[in-house]
Each structure stands twice: as structure tokens, then as C-alpha cells.
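With the hints as extra help, turn the sequences into a complete structure.
So the chains spell out like this:
Number of protein chains: 2
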Amino acid sequence: MIRYDLGMNEEKNFIVTEDQFDQDHLGKCEAIMVLGNGYMGIRSATEESYTNEKRDTFVAGIFNRFDENEVTELANIADVIQMTIVIDGEVLDLSHGDVSDYKRQLNLRTGELTRSFTWRSPKGDLLSFVFRRFISMDELHTIGQQINITAHNRSMNIKIISGINGQVNNSGVQHFSEGDKRLYEKKFLQLVQTTTQSKIDVVVNTAHHFKCQEEKQIASLIQMDRRKIYYEYDFELKENEMITLEKISNIYTSRDKAYECVSLKELKTISYEHIKAASEEGYPELFEKSKRVWENEIWANQDIQIESDKDYDQLAMRFAIYHLYVMTPMHDNRMNIAAKGLSGEGYKGHTFWDTEIFILPFWSYTNPKVARSLLEYRYLSLEGAHKKAKENGYEGAMFPWESAWLEDGEVTPVWGAADIITGKPTKIWSGFIEQHVTSDIAFAAWQYYKITHDEEFMENYGYEIFMDTAIFWTSRLEWNENKNIYEINDVVGPDEYKEHVNNNAFTNYMAHWTIKNAITYYKTIKETRTEVYTKLSQKLDLDKAYHKWITVLDQIYLPQANEELIIPQNDTYLDLKCIDLTKYKNQEHVGSMFKEYNLEQVNEIQVSKQADTMILLYLLEDLFSHEVKIANWNYYEPKTLHDSSLSLSTHCVLANDLGQYELAYDLFGKASEIDLGPNMKTSDHGIHAASIGGLWQCVVNGFGGVRMLGGILRIEPHLPATWKSLRFTITWQGDILDITVLPSKLKVNKKTKKNQVVEFMHKGEIYSCEEEIILTLNDM
Amino acid sequence: MIRYDLGMNEEKNFIVTEDQFDQDHLGKCEAIMVLGNGYMGIRSATEESYTNEKRDTFVAGIFNRFDENEVTELANIADVIQMTIVIDGEVLDLSHGDVSDYKRQLNLRTGELTRSFTWRSPKGDLLSFVFRRFISMDELHTIGQQINITAHNRSMNIKIISGINGQVNNSGVQHFSEGDKRLYEKKFLQLVQTTTQSKIDVVVNTAHHFKCQEEKQIASLIQMDRRKIYYEYDFELKENEMITLEKISNIYTSRDKAYECVSLKELKTISYEHIKAASEEGYPELFEKSKRVWENEIWANQDIQIESDKDYDQLAMRFAIYHLYVMTPMHDNRMNIAAKGLSGEGYKGHTFWDTEIFILPFWSYTNPKVARSLLEYRYLSLEGAHKKAKENGYEGAMFPWESAWLEDGEVTPVWGAADIITGKPTKIWSGFIEQHVTSDIAFAAWQYYKITHDEEFMENYGYEIFMDTAIFWTSRLEWNENKNIYEINDVVGPDEYKEHVNNNAFTNYMAHWTIKNAITYYKTIKETRTEVYTKLSQKLDLDKAYHKWITVLDQIYLPQANEELIIPQNDTYLDLKCIDLTKYKNQEHVGSMFKEYNLEQVNEIQVSKQADTMILLYLLEDLFSHEVKIANWNYYEPKTLHDSSLSLSTHCVLANDLGQYELAYDLFGKASEIDLGPNMKTSDHGIHAASIGGLWQCVVNGFGGVRMLGGILRIEPHLPATWKSLRFTITWQGDILDITVLPSKLKVNKKTKKNQVVEFMHKGEIYSCEEEIILTLNDM
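Heads up: the protein sequence lines correspond to chains X and P, in order. Quick note on numbering: my numbering labels position 551 of the first sequence as 551, and the sequence is numbered without any gaps. Heads up, my numbering is the position in the second sequence plus 1000, with the first residue counted as 1.
If you're looking for bench data, these hints aren't it; they were derived computationally from the structure. The structure displayed is predicted, hence computed values, not measured ones. By construction, the Cβ of each residue, glycine as well, lies at the ideal position given by its N, Cα and C atoms. Do not take every clue at face value.
[What the hints assert, rightly or not] In silico PhoX-like pairs for lysine-lysine, Cα to Cα no more than 20 Å straight-line: (1) P:Lys1595 <-> P:Lys1681; (2) P:Lys1424 <-> X:Lys265; (3) X:Lys450 <-> X:Lys369; (4) P:Lys1159 <-> P:Lys1238; (5) X:Lys424 <-> P:Lys1186; (6) P:Lys1424 <-> X:Lys276; (7) P:Lys1054 <-> X:Lys54; (8) X:Lys424 <-> P:Lys1276; (9) P:Lys1186 <-> X:Lys159; (10) P:Lys1265 <-> X:Lys424; (11) P:Lys1276 <-> P:Lys1289; (12) P:Lys1595 <-> X:Lys186; (13) P:Lys1103 <-> P:Lys1012; (14) X:Lys187 <-> P:Lys1424; (15) X:Lys639 <-> X:Lys629; (16) X:Lys595 <-> X:Lys424; (17) X:Lys187 <-> P:Lys1595.
[As the list claims (entries may be wrong)] Which stretches of chain X does chain P cover? Using the computed rule of at least three CB atoms under 8 Å from a CB of chain P, they are: (18) 165-171; (19) 174-183; (20) 221-229; (21) 422-430.
Have a look at this one:
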């Protein structure tokens, strides 16, 4: 059972609690309580082992391809967390004996995971355990663990088996060759592993340190096994005695920017020196440093405060911010955010449009440096995008649907789940024909630029992305001789239940938008940024491209609203048969429709996996009238199963825009429950990164009403009925704005003086904020 | 807890029983209850999963090398045994709820594993389960499972998740690329996997079939995951209703001799057709066929009957015979017996001298065809032996210490367990310098030949093995200028606690013996087998080799007994320091000395891992006087820790020879407990194949007193005091002899008429047996 109401005083609504051990749903807490710092993430599997646990340790960017039949994936690194604890011959295992006072808590404010309980073993030994764990936000490589064991009812023999275990793997796939194992100074364990194909060296070190109330004899025996090095400790714990074990570990890799040029031997030495120093410092000190970063650098700047009767909303928001910081490789622009962050093997650590459309707004509005780093990743992966375009017979940059290491290009797997009709695996077409991601990246670059005014980004990366993606789209267009229009046929739009469709509205509009903006930026750089123009001209033959753009632009087919104001999602959608979807709309687990239909059959029904036309109405909102939005909402939402976690937040923001406030709040609630909610199976393969980014959008772009419209900041908040106040911070073109929303009041505080004023729009009027503006909200 | 006293009537002393589920020691029953047919072996992991279980499915000869840092090993094939059973939402797991009437039994007579119990789930559902399982002895590819579930106290919802799981691996190492997954005819599941380096295709098929007391709605949903295809079944089980699930599976590989030349597509079709037919036949029929082979072809010919107060001895003997049949790839002369049979990952499925010295006697004396196939394996692997010789700067055939696929040559890993002093892994020298295996193979060929008179074997394989191995030994000898002798320096003898020793007595004597016999056989073939002589001369330049042999033979240094009649195990052993070994002699687990010493230190102490000089006194027994044997026994046995499972049986046979009857019986008891005994940890990595072969030797060569001495059959039995009779069957030069030993009587029955008489020696006299000879034993 997950509870949310814990935490007192300054920690109120910062604590996620599991108050009963649930062996049947280990994945839930492993994922939603994942620890990390963007460099690495470790699923919060318990120290002791259970069937069906999933132990994953990921370092961002450590990709490997097992063989030609599989795609590259984030490799599961040797585990340091697991420990076997044996009391008088009985293995600590909470499915045996009696457990009381059980509590596992993730402290979002400090990044520490604690677990405490009292256990009566089947033989009758009574002990208390307190486990603590963190991954340092202060220092990329450090992992800390601390275990307190107290014997209650008698003296007992305790055996602890703990070390480094490289036998872990990705659902049966081993990505590492075994390297050296070594014990140094009878204390420091080191294990080296090297990815089999990408040849990345990983060095894992660990050190144990016991703290006892009085001098104690602790027998220790070093053991090595295949891909494993560990200690067996053995000691007597007296009645009422407590012992503390600290285990400090680190991970270093040859992919780390700082160590790219050092030899493996040096990397071993560096990491060994580090573990010596870190273990010397000890858990409390190391944790304190990490906690200070969480407190002073993250929460002090990023916290969103929601005053409400329902504490859960506040917690859900902080849960989102916590995870956004844990999942994002802020330290390295060669890496991006995985669809499951660093919290699970789902989607293999790949990056999707999820980053640009669902997560980047958070970073652009709150920590633009990170947003820029994530966009730079796309720029650095242009090589792979060119490769993909060429392979598909196109020009320019065709970004991969799924992206991993920079040069990899397209890494989407080709085969998926069982087709219940044919008995074969279903072919995954996204990697071939789900092409809108290329516009999504351009859109995100534009959004970042408009929010930040980061000209330097545009000059170095942004303009080129626009030119290159527009070149792709121009080459992608198909001339329809009969209709005298350019079409984009045989694609998958955001709605992946419709494959091989023609003229998906979202895809066409976004392609058009990309080319249109490329034209604008072409003019801009030609006129005002000659150096950039010259550089890009040499690379891309800009003038020729430009002439194509202006030729094709107005002939690109943009599906228009029909008489009922419905924009057809694609050429055929509106003619497909309608069936009663009630059963699937009320489903307990997503994807239930596939128990009865295969994808080919679903393709023939008016049913959508997720927001498709809706997301068009959100991203390019100023192109469509309120009436069109309403009509399309009413048409498409009932046909949308929200089988993708990307769907709810878009609908929430739109519902708010359309004045459906209760529905908006309801959708926010549902979105916030995707990971944090009571369904214990949703997060097994990892948290839903896009949904978590979407949660922030629900609150800031939805209830907070913040939007960037054609370069202008708009703030039109509307609090849910149960909320008393909402306070959040955004950055706008270099200035920090503190925004407070009360049911009938909007307060904008300009905290910094980068610009003399910040202008924003509210209800059609422009306000210039020098220090503070307070507006009355009338529409309550 | 393992019990041994079960089985009534014809099954008396054929049943191994576990009468209490023991989650902490799963490895024990997984290994000692392993099922197999020589083609494949599957550890008897339970259907439901537990932490620390080890699921292994091995097919003999399916070797793969993960990468350059590792050696080739028997690859763990996709699992079909595991099933998840969920009752009203609760996963069947015997560590929860209440278990009663638990019984797991391996029936050695029929090869069937059964497990039955009643389970009260934590929620209070009361059910009975009966699981049955076998691997067909009648047909190489077939695996059968049957599960009966009965609901007792109310109606319940049952969910069964079952299929084929290729996520299993070898302690974290995945040896297979993922191939096709497919469901045929909404019933037959198929998964293809291909070893990554050796490129062997494996096709696994499975089919489920429910049998109900009355018509029943069973919902089924096909699922695919990475390397996995499975069904989810869902149904209601009424109060007092029983349902039966049959799961029939098969495994086919491209290494199968019968399918070497077919395409993967054909292999898929062949295996699919097979599974259709087999699942049509159903469990009872398929099992009946397999059982008939066990009964009529194995036990009817092979059973050893021991009448004794201690039933355990009888069971232990049958346990040994069962395992010898399960572990031996009788179907294919390109394969040999692994040190752990097909029952675990220990020693990576490699073949050692264990086969020739400890297991082959069983086959040579009871089923010579199989013995010949195993010796042909060595002949077929001469290429690897030549390669190894060349790599080491020698000539002829230097057999690998560890052997896998024919051409692999040496496959011994280079690094082993932790060195507690240096903190590094210990280097394993066996693959480099444990060289006696080459003589052991020649010795076994000689023994087989003398027991069977299989001239055809000698002409095609045997003579060549002798010539080739003698050539190796001649090139291996080192001339000692000072002493005017040939030495063999820097070796490891059978005692692996002494590395880099000079003139290990066993090694030198056996090398000398090999060359001496090669000289004899050279003369034989030159004089009487001209064709063979010509063929081998062309291959090996025999005349030149012969001249070397006769030159070196008498100059090979053979360590002689000293004044105390002790034969020095090697040049330095007798000068090493002696320490008090009591602690280690009384150890609970083998290898305890390494908690205090590293191998380098152990090297400097008069302590032996296992029989070394003793095995010399056993194999070349007619070279040494009774007094020398006694003296050496008294000297070496107290220094021998029996840390190798190969040690006890040799000591048992010798003790019997030396008239130490009580000790012999005691050692037999210890040897029989290596796997079957109460120590629950010994068999985790698999059963001890050599020890199991040794058990047969204890009884037939030891208590039964059967020996082949220079080509002559000797029978000098001596029953342990507790035994009332011993009856066993051997083949001698084509005839079957039924031998019955009573405390004061020996009865030899010649059951067949291949030869008119069979001669045997008893107490120095030769008897000619035409039909039956009864002798009185006087020395009781």
C-alpha cells in the first residue's frame, strides 16, 4: 500500500510511503522510489532478494547492442545494493516470520530512501532494521547505504553477504564482458566490466564499514564468483545491541566526459582513490552534502506550492519534480532522457518525442541550461538523423523515432507483442513511419528559444536544426497530381492505433509549421546573421532549399475542419466503423482492447490510443478557434483510450483551456496516478517520464495558464476548485518570475533584473512587470 | 529434509523423497533429482519460482563461448518447466500460507518426478496439487509435465501463466540470440534461439492441454515478451473440483546428428510436427513408453541388488546408476560426460579425466557400447589435442584438461576463486600443466579393450590413441643431465594443492605406462595388423616414434619407495612442513583451509586435496607390494582432505584391498553422501559425476572385488559386515556374468554364450566358468 500523507513540518508533502511490504508488487516501489542524479539511476529494490524483483543500475549513455537481432539498450550495470542477511541461519525475508512497524519512505526533499521494520524470524529472533540509501546529487559517482540492525530478545549470530554483483542483466541479456575483480587493502572491492559491443568500461567499487557500540569481533571472508566479488561477514549481536554497516560505492565509466581520455588502468585508480576518500567520509557526511544540493539548488528554486485540502496534489507535483531531476542527464549534452528515465528497462533507455513535447517545457521554463543540453543532444545526433534520411531515400535530418547514442540513428525495435490472430509478433512500424518527431524537435527548439531568447543556442544549433529538418520535410512531401497538393502518406501519427495512414493532421501541420519557420529563420540569418548563414549554406545548400520551401509551403495539404468542425485525424479515420468502447474506456489496465483485437483490426475502428488531433490543437493552439477545439474534443476524446501515458496531460491542459475545469482537474488526478496511484502494476518497467513532465504542464501550463504564444508570455490561470493557492517559478528570457495564483488573484513577481521589464499577456491585455503585478481574476 | 526409506514392493529403495519444502536449500533437490536422458537434462526446480532457485535446461554438446574473456560452456536453454499459478490473486508460493502433506519424490525406477501437497493460501483457499514430470528415455526430445489442482473448501479463480522462457541464462550470461517466436493453431508455442558464437539453433516447442471433470470455460491469452512466449490461462475451479493440465514440450537442435543437414526452417517444422503428435499422445502414454525403457532396458540389466539392514546403501547404488544413465550422452559419440552431468552449471559442462578414471569402468563393465562411444569422443577430439600440444611446444596428442566441443582443445578457465592474501583471483594452472589426463585416456582405452576384447575399436581408434599419446609423452620428457634420467617437471598431479611440482609419481608412472604399452601395441600392429600399422605410420611416423620410445622408456624417472616404503608424491612433498590438519579433516564444507591459507601457502604444506599417490596404487596396482600400499595409505590418507569428490571412492576401494573393511565401508558411506547425504549445500552446482561413478566402483571393484588385472578378470569380493548379499551384473568380453556375493559365498553365472567359457581369477587361482561357479569365501 502506498500512502502519501506523511511528513511533518518542512517535510510535509515531501514523503512517499509504503506502509506494508507487498511481495506481489515489488516493481511499484522499485520504480517510483528510484534514486538517481541524472548520471545514474538505481531501482529501489530491497536489500534482501525476492522472486520477481527487478534490480537495475543504469548510467546514462551506457548503451550496448547484444547482437544484430536486438537494438541497443541501456545496460544494467553490476549491482551493489543487494545484501543477504542471515540471522541464526535464517535468511532475512519478509515473506517469512512476522513483520511489524514496516515503513519504506522516499524523501523527495532529501533524495533519501529509508526502510525500517521489526522482524520476528520463524525461529523467534526479534530484530529491528533501518536501511538508508541515497545517490549523491552532489557528486555524480557516489552511492551510499547504511544499515542498522538491533537484536531485541537475545544474542544472535548475524551473517551479511554483500559486495558487487555483475550477474545482473537486462531481462536475461548480459551486456558486459567480465573484467578484473580485485580486493584492495582487505577493504575495497573493485569489479570491472566492459560492454560487449560498444566497448565501454565500467568500474564499480565498494567498501564496507561497521560501527559498533563496543569493540566487536567481525569475521570476514572475501569471495569471488563469476562477475561477482563480495564479503561474507559473520558476528554475534548481543541482546539489545545495535550494529551499523555503512556501504559506500561508486561507478565510473570510460564514457564519462571527464575520463574519456584516460586508460582503464587510470580509471581504476581514479575510482579506487575516490572510494577510499568517500568511504572515509562516511554515510552521514556524504548524505548531508547531497541533501544540501536537493534543498538549496533544487527545491529552493523549483518547488511548486499547492495549498489544497488534498495534500496528494502537492505531493504529486513534488514527485514529478523529484523524478525530473533524477532522470535527466544534466551533466552531459551527449545524453538525453529515456522514456522510463533511469528507473526501468522499458523502452530500453531510448529517447522519444516525449522529451521535446512533454518534458522539455519544464526545463525550458525552469532551468534553461538543462533544456539547452537536451536540445544539443539532438543537434549532436544529426549524423544519425542524416543516416536515417538517406536510408529512407530522403534528404536532410530525419530524426530517429527512438534515439540512443549519438551516432546510432534509428534504434526502434522491429517486433513487439503477440498478434493474437496470427500468432506472430506484431511489427512495430514507428521506427519506419512515425515521422512527426522531426518536427517535434524543431518545435521544442523554437519554444526554448522563445522562452529564453538564447541567441547563442540558435546560432550554434537551433537555426541548423530548422534548416535541416525543413530540408527533410520538403524531400518527404508527395505530390498528388490529381489534387494539386503535397501530401504526407503512409505514416503513423501520435495515435499509434492507426498505422499506414495518409495525411495525419498533426504530422502535416507540424511539417508545414517547420518549413514555414525555416523560411522565416532563413531570412533572419541571411539578413542579420551572415556568419551563420554562410556556415549553414556551405553545409546545406540553403538557397536551393529555401526556393523549394517557398514553392511547396502553400501546397502542403492541411486537413481542414469539416462541416461539423471536425478536423479529420487522417484521410480515412472519419469513415472507419464505430464500436462501443465503454469496456475499454473503463479498463483497469491499458491495452485491454488487444485481448480481443489485433492491431490490424484496431486500425479499422474509430479508436485512438492517445491524443493526436488534440495535441495539434495544443501545440499550434493559435491556428484553431475555440469552437473547433470544442467540437474536436467532443468528437475525439470519447474515442481515445488514453492507452499511452502521454495522453492525459495534453487532455488536461486542453480541458482547462476549453473551460471544462472539473474535467481538467479529474484528468490531472488520473495523470498523477499513472505512477503514484494505487494501481500497483503500472510502473513495473519504470516510471513514465513524459507523463511526469506532463504533470508539470498540467499545473503550470494548465491550471497556471502559462503559455508561450508566438513568442509572447501569456498567463491566464484558473485554480481547481479545491485549491486555495498555487505558487510556482518560471524563468522568462533570463528573468525569474515568481507566480502566485489565488482563486481570485494573480501575482507575478519579477525576482531578477536581467531585463528591465517582463511583458506578459493576460486576457488579451499586455502587462509590463518591473517588480510585481497583481491582477484580479474575474472568471471564478 | 531428504529421506531414503520410501517405496513399497517393487519400488522399494527406488525412491528419493523430500518430505518438507526447504526454501533455503533449493539447489539440493534441483540437482540430485535432475531429470534427463543423456540428450538433455533439466534441473528439478519447482514449477513456481523462488529466490535462489537455479533453473537449468541443458542439451549435451550445446556449447557456446560468451566472449574472449570466458571459456565455452554448456548453454542454459529456454525453460519450459516454470509456471506461475495464481489462486484468487495470490501467487502459489510455499513460503506463504500453510503447506501440508508435502512430498517430492524422484522415482529412480521410472524416471518420474512427482510433487504433491495441500496448500492453504494466506486468504484461506484450500487446494491440493500434484505435479508430475519426466524426460523421455524412449525418445530424446520429449519433456512431459502434468499438474492436478483440486479446490477443496470453495470455488476459486485460478490463473496459470506457462510457456517458454528464454530469459534464463548461465549465472547472468546469455548464450543465445533471440530468434522467432510463434504460436501455431492457437495451441503450439515455439521459440527459436541461436547460440551467439557457435551458431547452434535450438527450437523449443510446447503445448498445453486441460482435462476437466466437466465442460469448462478456460480463458486463454497469448503473450510474448523478450525471449518469451507464454499463455495466460484463467478459469474458475469449483469446490471439490479437480483440473488437470498437461504440458508436453520438446527441444530440437541443429547439432542433433539426425538434423545436422536440415535447415532451420525444416527443424522448426520437424519439431512442430513432433509436438503435435506428442501432445496428442498425452502424458500417460508418453510416460509409459519412457518408463518401459527404464524398466526393461536399464533396470532389468543394470540393477545392483544389496540386501542389508541399511536400505540406504541399496538406494545410493540405484541413485548412482540412475544418474549415470541421465548424465551420459549415449546417443552421440561427439559428446562426453560433464563433471556435473547435465545437472548444473558447475565446471561449465566440461569433461575431465573424471570420465575415464571414475565413470568409464561402469560403462565398460556394464554397457560397453556406451563406453566405446565415450572413448570415440576422445578420438574425435584428437585435433584439439594436437592443437594443445603444438601450442605448448610438444608433439602428438596432449589432451585438454577440460574438454568441450571436439575442436575446442583446452577450455579450462584461467582464473578462479579469490586469493585471500593478494585480493586477486587465483590462477588455475590445471589447463596448462595438469597433464596426466593424456595417460588417463590411454589407460581407459586399454581397460575398455581388455574388458571387451573389442578389436575393432582398437583398430579404428585405440591403437592410434596409444601411439599419439606416447608421442606426446616422449616430447614432454625433460632430460636431466646430472641424474641421467628423464623427468617430468612443473606439473600438477591429481592433488591440485600442489602446483608446479617436479616428478609427480602418478604422472611419471602413467606416462611410462603409456609409452610402454605403445611399444607393445606398435609391435602388435606391425606384426599382426598391417593395415592399421600402415595407416598410422603415414599419419604419425611410427617407426621414428618407436625408436624414441625404446630409447627413453627405461630412463624415465619413476619415484621409488623410500626406506619407510613411502613413494614421494613429488620431488619436494616429503620435505614440506607438516601442520595440524584436524580442523580441516573434520570440516563441514570442503575447501575450508582456504579461509586461512591461500594456494601458495597450501603448496608449502604436506596436505593433499585428494587421492594422488593412492590412485597410482589403485590403477597400476600390480606394480606395488601390499606393504608399500599399506605404508603409503598410512602416510598419505591422514594428509588428504578429500576436498575433491574424486577422492573417497578410490580410498574406499583401496581400503577394501588392504583389508581395512570397516574403513572401506565407512568411506563408501561418505562417498555415497556427497550428493545424496544430509549436507544440503554440496550439490548446488550439480551432482558429482565422478563420485557417482566412483560409487559403482566402491561396490563392484571394492566390495565386489572385480578387477581387470593385465587382461585377466579377478573376482575377490568381501561384503561389508552389514550386508547380507550383493548381486550385480558385468559383461566380460561379450558375455554377461551375474555375480552374487554372500558373506561366505561367491556365485558367478554366465548368462550368455558368446565365449564358451569365461576365465576369472580368485585368490590366485583361475576358474573357467561355463555356466555357473560357486565358490566359498573363507576370509570372513
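Task: Proposed proximity, X:Lys186 with P:Lys1595 (alpha carbon, max 20 Å) - done: 14 Å, holds
Open item on the list: X:Lys639 and X:Lys629 were given as a pair; does the straight-line alpha-carbon distance stay at or below 20 Å?
Closed with: 15 Å, holds
TODO: Measure nothing beyond the straight line between the CA atoms of X:Lys187 and P:Lys1595; if it is 20 Å or shorter, mark the hint as holding.
DONE: 16 Å, holds
TODO: Between the stretch 221-229 of chain X and chain P, see if three or more residues pass the 8 Å beta-carbon test, and mark the coverage as holds or violated.
DONE: Holds, because 8 residues of the stretch 221-229 of chain X bring their Cβ atoms closer than 8 Å to Cβ atoms of chain P.
TODO: Measure nothing beyond the straight line between the CA atoms of P:Lys1103 and P:Lys1012; if it is 20 Å or shorter, mark the hint as holding.
DONE: Cα-Cα ~16 Å, so holds.
Open item on the list: Would the hint linking X:Lys595 and X:Lys424 be met if the CA-CA limit is 20 Å?
Closed with: Holds, because 14 Å separates the two Cα atoms, which is no more than 20 Å.
Open item on the list: Tell me if the straight-line CA distance from P:Lys1159 to P:Lys1238 falls inside 20 Å.
Closed with: 14 Å, holds
Open item on the list: Taking beta carbons only, do three or more residues of the stretch 165-171 of chain X come closer than 8 Å to chain P?
Closed with: holds (count 5)
- [ ] Below or equal to 20 Å on CA atoms is what counts here, so check X:Lys450 against X:Lys369.
- [x] Since the Cα atoms of X:Lys450 and X:Lys369 sit roughly 14 Å apart, the hinted pair holds (cutoff 20 Å).
Open item on the list: Against the 20 Å threshold, does the CA-CA distance of X:Lys424 and P:Lys1186 hold or violate the hint?
Closed with: 11 Å, holds
Task: Hinted pair P:Lys1054 and X:Lys54, Cα distance within 20 Å - done: Within the cut-off at roughly 17 Å; holds.
Task: Hinted pair X:Lys424 and P:Lys1276, Cα distance within 20 Å - done: It holds: about 18 Å lies between the C-alpha atoms, which stays within 20 Å.
Hint check: a violation occurs at hint 9 only; the rest are consistent with the structure.
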